[in-house]
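Student: Once you've looked at the hints, dock chains B, C and D with the ligands against the given chain A.
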Amino acid sequence: MTAAPSLDDDLGRLRGMLRIRRFEERAAELYGAGKIRGFLHLCVGEEAVAVGVMRALTEDDAVVSTYREHGHALARGVPPDRIMAEMFGRAEGCCRGRGGSMHLFDASHRFFGGNAIVAGGMPLATGLALADKMLGRRAVTACLFGDGAVAEGEFHECMNLAALWRLPVLFLCENNLYAMGTALALTESQVDLCAKARSYDMPADRVDGMDVTAVERAALAAVATVRAGEGPRFLELATYRFRAHSMFDAELYREKREVERWKLRDPIAALSTLMKLGGALDDAGLSALESEVGAELDAAVAFAEAGTLEPVEDLTRDVYATEASDAR
Amino acid sequence: MTAAPSLDDDLGRLRGMLRIRRFEERAAELYGAGKIRGFLHLCVGEEAVAVGVMRALTEDDAVVSTYREHGHALARGVPPDRIMAEMFGRAEGCCRGRGGSMHLFDASHRFFGGNAIVAGGMPLATGLALADKMLGRRAVTACLFGDGAVAEGEFHECMNLAALWRLPVLFLCENNLYAMGTALALTESQVDLCAKARSYDMPADRVDGMDVTAVERAALAAVATVRAGEGPRFLELATYRFRAHSMFDAELYREKREVERWKLRDPIAALSTLMKLGGALDDAGLSALESEVGAELDAAVAFAEAGTLEPVEDLTRDVYATEASDAR
Amino acid sequence: MPGSDAVMVRTTWREAMRAALREALQADPRVFLMGEDVGHYGGCYAVSRGLLEEFGPERIRDTPLSESAFVGAGIGAALNGMRPIVEVMTVNFSLLALDQIVNNAATLRHMSGGQFAIPLVIRMATGAGRQLAAQHSHSLEGWYAHVPGLKVLCPATLEDARGMLASALADPNPVILFEHVGLYNVEGTLRSDAGAVPIDRAAVRRAGTQLSLIAYGGMIPRTLEAAEKLAAQGIDAEVIDLRVLRPLDTATLVASVRKTRRAVIVDEGWRSGSFAAEISARLAEEAFYELDAPIARVCSAEVPIPYARHMELAALPQVEAIVGAAREVVGTHA
Amino acid sequence: MPGSDAVMVRTTWREAMRAALREALQADPRVFLMGEDVGHYGGCYAVSRGLLEEFGPERIRDTPLSESAFVGAGIGAALNGMRPIVEVMTVNFSLLALDQIVNNAATLRHMSGGQFAIPLVIRMATGAGRQLAAQHSHSLEGWYAHVPGLKVLCPATLEDARGMLASALADPNPVILFEHVGLYNVEGTLRSDAGAVPIDRAAVRRAGTQLSLIAYGGMIPRTLEAAEKLAAQGIDAEVIDLRVLRPLDTATLVASVRKTRRAVIVDEGWRSGSFAAEISARLAEEAFYELDAPIARVCSAEVPIPYARHMELAALPQVEAIVGAAREVVGTHA
Ligand SMILES: Cc1ncc(C[n+]2csc(CCOP(=O)(O)OP(=O)(O)O)c2C)c(N)n1
Ligand SMILES: Cc1ncc(C[n+]2csc(CCOP(=O)(O)OP(=O)(O)O)c2C)c(N)n1
Ligand SMILES: [Mg+2]
Ligand SMILES: [Mg+2]
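Chains as they are written, first to last, in our numbering: chain A, 1 to 328; chain B, 1001 to 1328; chain C, 2001 to 2334; chain D, 3001 to 3334.
Just so you know, these hints were derived from the structure itself, not from any lab. Even for Gly, the Cβ is constructed at its ideal location relative to N, Cα and C. Hints are not guaranteed to be accurate.
[Stated by the list, open to error] Each pair of labels, with its calculated beta carbon distance range:
1) Ala107(A) to Asp3292(D): 52 to 60 angstroms
2) Ala228(A) to His2310(C): 48 to 56 angstroms
3) Gly3050(D) to Thr322(A): 34 to 42 angstroms
In isolation and in its complexed conformation, chain A is listed as follows:
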C-alpha cells in the first residue's frame, strides 16, 4: 500500500483549488470569446471535492467522471495545456480535440472520462473495479457523479452490483442540490442520499464538500477500506456550484440570495483565511501562488492557441482499433 498523502499540506490543497478556480474562470472568458464551444460546465465552488478526493488516490487508481470534470482532471494531474487545447478543439488536446469539455480522457493518468450521459460512467467504473479485483490488483476506482445521477436506473444497478461483488469502487456523489435546473427535492423522494447507499448495505458518509481537508480525510479513510478489500463505499459531498449549470443557463430556478449565501462558504476563501489565521500564509504568499497559477494557465492558453487542427483525413481514424495497435 502506498504511503498516505500528508494531511498537513495546506498549501498544496490551496494551490490545487486555485488552479481549478482560475482555469474555470478563464474557460468562461474563452467561451465568451468563441474559443471554446459546445456545452461547457464549470465547477466553480466545488473545487474542494476535486482536490480532496484526488489527493487521496494513488497513481494506480482509476477515475471516472462526468461532463463537469475539468476540476477532477486537473486535480488528477492531467496537464492543463492538454485540457485547454482539447477545449479549443486542437489536435494537441488530450483527445485530439474530438471530445471537448465534456469528454476529457487521459489514459496515462488513468482518467477514464468525461462522460456526458448522466450516470453513464457508473457501469464503466464498476467494470474497471471488477477487472482490478479479478486481476488481484490493489487499485481503487473513484467514480464521481452528481445528485441528479442518483435518480437514474444505472445508479441503482451499479450500487447493487458493486456491493454484491464487493468491488473496489469509491462512489462519490457531488451533491450540489441541483440537477441542471431541478432542485433535489423535486427529484428524490428521500433527499438523504446516504440512505440509498445503505439500502445496498454499502457504508456511506456525508461530508462537507466545501471543506477540502474534511473531504480529503474522508476520502483517505474510504479509499483505505476499499483498497483493503472491504467492498465499495459511498461518500456524499455536500457542495454547491456558484455559476450556472452551463453557458446556456438563465438560472431561473434558484434565488440569487441562495447563491450568495453559499459563496460565503467558498472553499478557497475558507482555507486561505484559516491559513492566514494560523500564520501559514500571508498576502505575499497568496499573490505568489496566484502568479504561479496564472503563469501555468497562461502557458496552457498559449499552448492551446498555438495548437493545430487534426487533419480532416483523420476523421475516421480510431473508430476501430487494429490488432497491431492494441496488442497488450
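Tutor: Chains B, C and D with the ligands alone, transformed into the frame defined by chain A:
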C-alpha cells in the same frame, strides 16, 4: 370508497387458490401435449399472493403484472376460458391469441398485462397511477413483480417517481427467492427488499405470502392508505414457486429438499387444514369445490379447443389505432 | 380553413413549437408536458420557457433523471385517459427509454388484440451541429422509423413546427416527434392562424424536373440551399421533405422520381443502415425501370461525431456534398 | 491449418458455441463469461451448461437483472485488462443496455483520440420462431450494424458458431455476436480441429448463376432450402451468407450480383428500415448498371411478432416467400 371485502370468506379464498392451482396443473399438461407453446411460467405455490391481493382491490383499480400472471389474471376475474383460449393461440383468447401465456390483457377488468420484460410493467403502473391522480379518481394501481425485478434500474426509477409524486400505486414484490435460476443472495447485496422501498421513504412491509389471509389483510391495509392519497406502498410477499421457472428449466440451481420443505407450507393445504380444524370445511365440501373448479376448467379447455384461428389477413390489424376506433 | 383576417407574423422555430405546446395545453385538460427541466429551468433548449408559470407544476412536470420511468409513465398515463407529451432531452438519452418505447408503447395495442390505444407524444431533440460531440449528436430517427406501432414525425418548416404537435396529439398512437437542434433558431414568418397540419404525407418543397433531392428535418434548409446552387448551375432539382418517416409516404417519393428519374437522399444518420437506405431500397423496388442513374446517398461519416468544429463539419452532410452528389447523378461532374 | 488427423464429429450448433466458450476460457485467463443465468441455471438456452462447474463462479458470473450495469461493467473490465464475454439473454433486453453499448462502447476509442481499446464480446440471442411473442422475438441486428465502433457477427453455420468467438475475442473492438434461437438445435458435422474463422468477409454458401439470394444468421437454412427448391424448378441461385454485418463485405456481394444481375435479400427484421434496405441500397449504388431487375426484399411483416403459431409463421420470411420473390425477380412468375 368501496366497502372493504369481508375478511371471513375463507371458502372464497380457498376456491380462488384452487382455481389457480388446477388451472396451472392443466396448463402444464397441455404444454406437454403441445397445445400451449412458447414460454410458460406457472405460479403453483404462489396462489395466496394472487388471491389475497386481488381480493383487496375494487373494479376501478388497475393491475399490472408479469409473465407469471395466470394466477393474477384469474384472481382478478379474467375469465379462464379466455385465458386458456389465449394460450391455445385462439382468436377467442383475451388477446386474440397474439399474446399467449406471457401477455394476458383484459381492458374490461383493468388488467394491463402480462409483461415479459422483467420490471417493464413498473413504469406503466406508475403512469396509470399518475393519470388516476391527475384525473382525481380514487383508484389504486397494483403493480406485481418478482424479486429479480428489484435489481433492474426501472424498479429504482419507478419507486422514486411514485414516492416523489405520491402516486396511488401499490408495489407488490413476489419474493420467491429466485430469479430464474439465480438465488436472491446472488443478485442483491441487501436481501431485505423492504429496505430498498424505505430508501425512497416509502412504507414497506414483509408479509407471509403463503398465508392468504395475511396477504389479504396486508393488502387491504395498504390499499386503504394508498387510496386515501397517502402515497405509494410496498409489500414484499414471501413465497416460493413449487415448479420450475418455465417448461425449459432443468432446476439445476436448487435442492429438491428445499422445494419439499416449502411444499410443507402449501397455501392451499394450509388454509383447507385450518378450515377443517375450524369445522368450516369437510371432505365432501372440498370435493364439491374440486368438482366445481374442475368443471369450470374443463369448460375453459373445451372453449379453447373449440376456438378458431385469427385469420391471417388480420395480421397487421391493430398495429395502429385509427382515429375513429379510439375516440374516447 | 385559415381565416381571411390572418396576418403573417415573424417567429422562430422554437417559438412555433412553444405556441403549439401552449395551444395544446389550453385546448385539452388531459394534455400535460413532462420531462427533465421542462419546468423551472425552462427547457434544455428553452422551448417550454414560461409554460410552468402559465400552467403550473401539475401540467408542466419536471421529472427526475429517469428516462425509462417517465417515458413509461407517459405510456401508462396515455393508457389511462391522459394525453401526455413527454420530452426526452436528446435522442441519445432516449436509448435509456427505448425498452419502454419499443417493448411497450409499440406493442401493447397489437399484442393485446387491439384493446388499448396509446395517445402519447414523445418529443426529443436530435442531430448535430452544435459541437456537442459523440454523446449528444446522434440522429437515430431511422431507428424509431423501423418500429411498427410507432409514428415518426420530423418537422422541418415553421408550419410543421407549429402544426404537427396538434395532429400528433389527436392521433391515438404513440408518436415520436423529432426536433433538430439546428432548427430552433431558424426565423421566418408564419400565418397568425397557423394550426394543425396533416401527418400522413411528404411535401414537395421545391418543384423541379431533373432530379429529386429527398431529405427531412434538419437537412431541409441545406438541401434547399443546395437546390438553389444547382439551379444557378442550370440543374433543376425537386426537393421532397419526407416530414413523416413512419408511415412513409412512398407515393409522393415515387411520383417525384418517376418524373425526375434521378434521386439523391440526404440524411444526417450514419450511412450504413441509415433511413436513407430505406428510401433508396423503396425507390429501387418501385421505380426501378424509371431510374436513369444510381440513387445517391449523402449521409454522415461513420464516426462518433467529433467536437472540433472543422471535424464536425467534415462528418456531417454539407451543401457542397449534396451539390456534388446531385451533379454526379445527373452526369455533369467534371 | 487443420491437422490431417482431424475427423468429422457430429454436433449441434449449441454444442459448437459451448465448445467455443470452453476453448476461450481455457486459452486465456483474462476471458470470463457474465450474464443472467449463465452459471447456476446453465444458460437460458443451455449454451453455457456445465461451464460453472468447470471454471467456477469467478469466471462464469451470474449477474443480477441489470442489463445496463453488467454490460457497462463489461466495457469497463475490457478497458482495464480483461477479455469479457457478456451474455444478454435476448436482443429485446439489450435495449436496456443500449446506452452503454452505443454511447460508451462504440464511442470511447474514437472520442478519446484513440487512447483505449475495448476488447469486449457481447453475445445475445435473437430472432423469432419459438412462439415467444412480441417482447422476445425481435431481430435488431440491423440497429447494431448502424453504429460505427461496433462489429456485428451473425454466425449461421456450425463452423461459424464454433469459430467466430475466438476471432471476436482476438479483436480489440467491441463485437456483438448474435445467436439466432432457431439455430441452437441444428445438427451436423464439424471437423474435430475446427477453430477460429475470419470475421471480415461474407461467404458464398451455394454457387449459382441466375440470381443472388443474400441472407444471414437464422435465415440461412431456409434460404438454402429455397435455393434447392428453385434449382428443382430450373433456377440456379447463388446463396451469400453475410456473416458479418459490420463492417460489411460489399465486395463479395457486388461480385455476386455483377455475375447474377439479380438479387433477393432475406432478412428477419421488419422491412422498413431493415438491414436488407442497406444491402439493397449498396447494390443499387455499386452495381446499378449490372442489375437486370429490381432488387427484392423478403422481410418480416411489420407487426409485433404474434404468439399464435400460424400468425407467427405468417409474420416471418418463409421458404415459399423466398422462392416467390426469386421467381419474380428472374421473371418467371406465372
Ligand atoms: C441520461 C441523461 N439525461 C439528461 C442529460 C442532460 N443533463 C446534463 S447534466 C444534467 C443534470 C445533472 O445533474 P447532476 O447529476 O446533479 O450533476 P451536476 O450538473 O449538478 O454536476 C442533465 C439533466 C444527460 N446528460 N444525460
Ligand atoms: C429485462 C429482462 N431480462 C431478462 C429476462 C429473462 N427472465 C425472464 S424471467 C426472469 C427471472 C425473473 O425473476 P423474478 O423477477 O424473481 O420473477 P419470478 O420469475 O421469480 O416470478 C428472467 C431473468 C427478461 N424477461 N427481461
Ligand atoms: Mg447536481
Ligand atoms: Mg423470483
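Student: With reference to the structure, classify each hint as holding or not holding.
Tutor: To see whether the hints hold, each was checked on the structure:
| no. | hint | verdict |
| --- | --- | --- |
| 1 | Ala107(A) to Asp3292(D): 52 to 60 angstroms | holds (53 angstroms) |
| 2 | Ala228(A) to His2310(C): 48 to 56 angstroms | holds (49 angstroms) |
| 3 | Gly3050(D) to Thr322(A): 34 to 42 angstroms | holds (35 angstroms) |
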